[in-house]
Amino acid sequence: MLQIRNLTKRFGEKVAVNDLSLHILPGEIYGFIGHNGAGKTTTLRSIAGIQQFDNGEILINGTSIRKDPLTCKKEMAYIPDNPDLYEFMSGIKYLNFIADIYNVDAKDRADRIRDYADRFELTKDLAEPVSAYSHGMKQKLAIISAWIHQPRLILMDEPFVGLDPKASHLLKEMMRELCDNGGAIFFSTHVLEVAEKLCDKVAIIKQGNLIRFGTMEEVKGDDSLEEVFLELEAE
Amino acid sequence: MVGILVKKQLAEIFKAYFYNTKKNKSRSKAGIAVMFALFAILMVGVLGGMFTYLSFSLCRPLAQAGVGWLYFVIMSLLSILLGVFGSVFNTYSGLYLAKDNDLLLSMPIPVRAILISRLLGVYLMGLMYSGIVLLPAVIVYWIFVEASLPAIAGGLTLILCISILVLVLSCILGWVVAKISVRMKNRSFTTVAVSLVFIGLYYFFYFKAQTLLQTLISNAAVYGEEIRGAAYGLYLFGRIGEGYWMGMLILILVMLAAFAATFLVLSRTFIDIVTDTGKTERKIYKEKTVKQRSVSSALLGKEFARFTSSAGYMLNCGLGILILMAGGVMLLWKGGMVSEVLYQVFGETRGAIPVLACAALCMMASMNDMAAPSVSLEGKNLWIVNTLPVTPWQILKAKLSMQLYLTVPPLLFCSICLIPLLQEKPAIKVLVVVLALAFSVFSALFGMSLGTKRANFSWTSEMTPVKQSLAVFLTMMSGWIYALALGGIYMFGGFQLGAVTYFLIFLAATLLVSLILYLWLKKRGVKLLVS
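If you read the protein sequences in the order shown, they are chains Z and H.
Under this note's numbering, the first sequence is numbered contiguously, ending at residue 237.
Under this note's numbering, the second sequence is numbered contiguously, ending at residue 546.
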């Protein structure tokens, strides 16, 4: 589903991501953890096609994001760490805009908006301008917009920030549902307990270098993910 | 505290001068000097040059006639006209709608400090526009009439006081708009309506004053002292430029009092306005059947939604729509008279009328420059379009299309009203319209190219990309220069080619430049958008 081969990204002298390689298979929820500034967001933005990188290759279902970004983008969705959405639109207009771009037909979009907005208890607020939304509501809207075209791969940067416990639980359910249906999710998080319970695989990045990755059992062994992470950070 | 906020405000306004966003690092001292030198050349050399020419032609004859005061009155009124136009539409957004309101108000910062720092932005815009006219005017006077201490002090007093007057006028409008729109449901359109009413009234009285002034000029020699008596205020005002100390003192005191009163009102109401969430009812969503749109119409719809959501954007970049419509209506109403006067004045120069008419159409259309700031206005939302399965060219094309959709129909309306008034061959009439349309395409492409090349995504007030960006400024100026060149070159020799040949040459040049800009956007512009 997603192959990252020797990804390197520099900002001037600083190497933000150094020779990173990962392979995410269909059906996998892949967690990406690391301290602030470790290179998580840089990696996610490179995969999403909104940031050029210096070396390496990123393939979505075998297609290069560099060579054919449009084909890749049709297959995936990206939710950034801070959901800056169009504040001049209402929630429903934003969702319809995204659905139009992904060519989702009128019936499917109506069904999906109804379904997801009801699940996130956002239906009544859809006519309000996004500028009137709280951070959590914007995050919910960003999640619905990511799911609206039923992508095969979803990239998320700190998706649980700002969500209430019920919405967090719902998101975890939706993530599992998508992966059970053959999709894949690659997301960054600082909430290690969530990563430990939810992820099939996990990768730990430190100062741009991938220092450990694999199945949850391979990475943490008999310890907790938090213990392993803190131990690796201390090295 | 004020110093810190002012520094932050200046850093935002002049960010491009100190920081190279392309290389992601600060400019060197030499680089900063070069940037400011280029800005000075543009302002003083190009724009100031136009008003220096006007000053040359007015200063000496009026001073020699003993009415030097009249010279200062004319130039001051022109300066106020341009200054108000330049700053009035960004006051409301600049003062009350900045994105750092919550941050600043949550800190122990006195309101007056926030206000002073934001007023500085408005003041600088007003000073820049009014100074373009008045600075050359006083320098020309010092060179050709006298450069005594009183004359120098008088000139500087005029520059200072007029810039304060422009600030006060802009603040009054900003405050009125804020007070009204805070209670309205559709704030952006309310703001546009109130602003247009205000500016309409302002120019109505302004032109009334000009009529009075023209009467004064034409009768100056005959009535002498009587005119001074009839408009003694204006006389004293003009005498300040000649070095009239008492006038200077009175004007400074009046302006300071006006500013103090305005500042007092603004500072007392600032928190109420900024923190007022209004009393609009919550809209409950009711599901409706929605038609699926194509990608291009979805992107175009998004651009229209962006444009109509912001009063500042509409007023600063879409005034051409209104001017073209108003121009058309005026031609329907008084077209016969206008045509008669034009043929009497310019009728001897063969083909001059259609060329000047076309230049006027271009000038009016150049007031539409919504494509220029549209890339910068993506701001923090840029990730959305960049992660969607659309090409960068589709994004740019939607922005270009919006400008054309908003310019071409009113331009055609105005042209249709104009064409019957031209006593020319059908070919010339067609060329007038075709060239004006070609210009609107060129203008959109030029603004889009500059806006993409000099995009600024990190702003706290949308007035930064809409009003204070070099892209918008140059786009508007390019339209004016184009119109002046079209009319000017014809009058100063181009007429020898004949109107048809002249139009065809201009049309070919416009289309060629447009093609180059189009190819640049498709090749380089799209890459800049992604990077």
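Since the hints were derived computationally from the structure, they do not count as laboratory data.
It is possible that part of the hints are untrue.
To be verified - Derived DSSO-like pairs (lysine-lysine); straight-line CA-CA distance at most 27 Å:
1. H/298 x Z/76
2. Z/95 x H/44
3. Z/140 x H/44
4. H/542 x Z/16
5. Z/95 x H/395
6. Z/168 x H/298
7. Z/16 x H/395
8. H/114 x Z/140
9. Z/109 x Z/174
10. Z/95 x H/538
11. Z/109 x H/298
12. H/538 x Z/140
13. H/303 x Z/140
14. H/44 x Z/16
15. Z/69 x H/468
16. Z/126 x H/306
17. Z/126 x H/44
18. Z/76 x H/538
19. Z/76 x H/537
20. H/542 x Z/109
21. Z/95 x H/303
22. Z/69 x H/23
23. H/537 x Z/109
24. H/468 x Z/140
25. H/537 x Z/126
26. H/468 x Z/16
27. H/412 x Z/76
28. Z/140 x H/444
29. H/542 x Z/76
30. Z/109 x H/301
31. H/114 x Z/95
32. Z/69 x H/537
33. H/298 x Z/69
34. Z/199 x H/412
35. Z/76 x H/114
Stated by the list, open to error - To be clear about the criterion: a stretch of chain Z counts as covered by chain H if any three or more of its residues have a C-beta under 8 Å from a C-beta of chain H, and this derived list gives those stretches:
36. 19–31
37. 49–57
38. 76–82
39. 120–127
Where is the CB? At the ideal position from N, CA and C, for every residue including glycine.
Cross-check of the supplied hints:
Using a Cα cut-off of 27 Å, the hinted pair residue 298 of chain H and residue 76 of chain Z is violated, with the two alpha carbons roughly 33 Å apart. Among the hinted pairs, residue 95 of chain Z with residue 44 of chain H is inconsistent with the structure: their alpha-carbon atoms are about 47 Å apart, more than 27 Å. Distance check on the hinted pair: residue 140 of chain Z and residue 44 of chain H sit about 43 Å apart at the alpha-carbon level, beyond 27 Å; violated. Simply put, residue 542 of chain H and residue 16 of chain Z have alpha-carbon atoms about 23 Å apart, close enough for the 27 Å limit, and the pair holds.
Taken as a hint, the residue 95 of chain Z and residue 395 of chain H pair is honoured in the structure, with Cα atoms around 19 Å apart against an allowance of 27 Å. Restraint check: the Cα-Cα separation between residue 168 of chain Z and residue 298 of chain H comes to about 24 Å, which is no more than 27 Å; the hinted pair holds. Our distance criterion of 27 Å between C-alpha atoms is met by residue 16 of chain Z and residue 395 of chain H, whose separation comes to about 24 Å. The suggested pairing of residue 114 of chain H with residue 140 of chain Z holds, with an alpha-carbon distance near 17 Å, which does not exceed 27 Å.
Our distance criterion of 27 Å between C-alpha atoms is met by residue 109 of chain Z and residue 174 of chain Z, whose separation comes to about 26 Å. With a C-alpha separation of about 32 Å, the suggested pairing of residue 95 of chain Z with residue 538 of chain H is violated against the 27 Å cut-off. For the proposed pair residue 109 of chain Z and residue 298 of chain H, the alpha carbon gap of about 24 Å is at most 27 Å, so the pair holds. For the proposed pair residue 538 of chain H and residue 140 of chain Z, the alpha carbon gap of about 35 Å is over 27 Å, so the pair is violated.
For the suggested pair residue 303 of chain H and residue 140 of chain Z, the alpha carbons sit about 22 Å apart, so the restraint of at most 27 Å is met. A threshold of 27 Å between alpha carbons decides the hint, and for residue 44 of chain H with residue 16 of chain Z the separation of about 24 Å falls inside it, so the pair holds. For the hint linking residue 69 of chain Z to residue 468 of chain H, the alpha-carbon distance of about 24 Å falls within 27 Å, and the restraint holds. Between the alpha carbons of residue 126 of chain Z and residue 306 of chain H the distance comes to roughly 21 Å, so the proposed pair stays at or under 27 Å and holds.
Taken as a hint, the residue 126 of chain Z and residue 44 of chain H pair is broken in the structure, with Cα atoms around 55 Å apart against an allowance of 27 Å. For the suggested pair residue 76 of chain Z and residue 538 of chain H, the alpha carbons sit about 23 Å apart, so the restraint of at most 27 Å is met. Using a Cα cut-off of 27 Å, the hinted pair residue 76 of chain Z and residue 537 of chain H holds, with the two alpha carbons roughly 22 Å apart. Distance check on the hinted pair: residue 542 of chain H and residue 109 of chain Z sit about 36 Å apart at the alpha-carbon level, beyond 27 Å; violated.
As the CA atoms of residue 95 of chain Z and residue 303 of chain H are separated by approximately 12 Å, the hinted pair is consistent with the 27 Å bound. Restraint check: the Cα-Cα separation between residue 69 of chain Z and residue 23 of chain H comes to about 41 Å, which exceeds 27 Å; the hinted pair is violated. In summary, the hint linking residue 537 of chain H to residue 109 of chain Z is not supported, as the alpha carbons are separated by about 35 Å, beyond the 27 Å threshold. This hinted pair does not check out: residue 468 of chain H and residue 140 of chain Z have alpha carbons roughly 31 Å apart, beyond 27 Å.
About 42 Å separates the Cα atoms of residue 537 of chain H and residue 126 of chain Z, which puts this hinted pair outside 27 Å; it is violated. For the suggested pair residue 468 of chain H and residue 16 of chain Z, the alpha carbons sit about 26 Å apart, so the restraint of at most 27 Å is met. For a cut-off of 27 Å, the pair hint linking residue 412 of chain H to residue 76 of chain Z stands: about 20 Å separates their Cα positions. Simply put, residue 140 of chain Z and residue 444 of chain H have alpha-carbon atoms about 54 Å apart, too far for the 27 Å limit, and the pair is violated.
Distance hint between residue 542 of chain H and residue 76 of chain Z is fulfilled; the C-alpha atoms sit about 20 Å from each other, no more than 27 Å. Proposed proximity of residue 109 of chain Z and residue 301 of chain H is supported: the alpha carbons are some 16 Å apart, at most 27 Å. Proximity of residue 114 of chain H to residue 95 of chain Z is assessed by CA-CA distance (about 23 Å); at most 27 Å being required, the pair is judged to hold. The suggested pairing of residue 69 of chain Z with residue 537 of chain H holds, with an alpha-carbon distance near 17 Å, which does not exceed 27 Å.
Restraint check: the Cα-Cα separation between residue 298 of chain H and residue 69 of chain Z comes to about 44 Å, which exceeds 27 Å; the hinted pair is violated. As the CA atoms of residue 199 of chain Z and residue 412 of chain H are separated by approximately 46 Å, the hinted pair breaks the 27 Å bound. Note on residue 76 of chain Z and residue 114 of chain H: the hinted pairing is violated, with a Cα-Cα distance of about 33 Å set against a maximum of 27 Å. Given as covered by chain H, the region 19–31 of chain Z fails the check, having 0 residues with a CB less than 8 Å from a CB of that chain where 3 are the minimum.
Closer than 8 Å: that is the beta-carbon criterion, and the region 49–57 of chain Z has 4 residues meeting it against chain H, so the requirement of 3 holds. Interface restraint, the region 76–82 of chain Z with chain H: holds (4 residues with C-beta to C-beta distance below 8 Å; minimum three). Coverage of the region 120–127 of chain Z by chain H holds [criterion: at least 3 residues with CB-CB distance below 8 Å; count 3].
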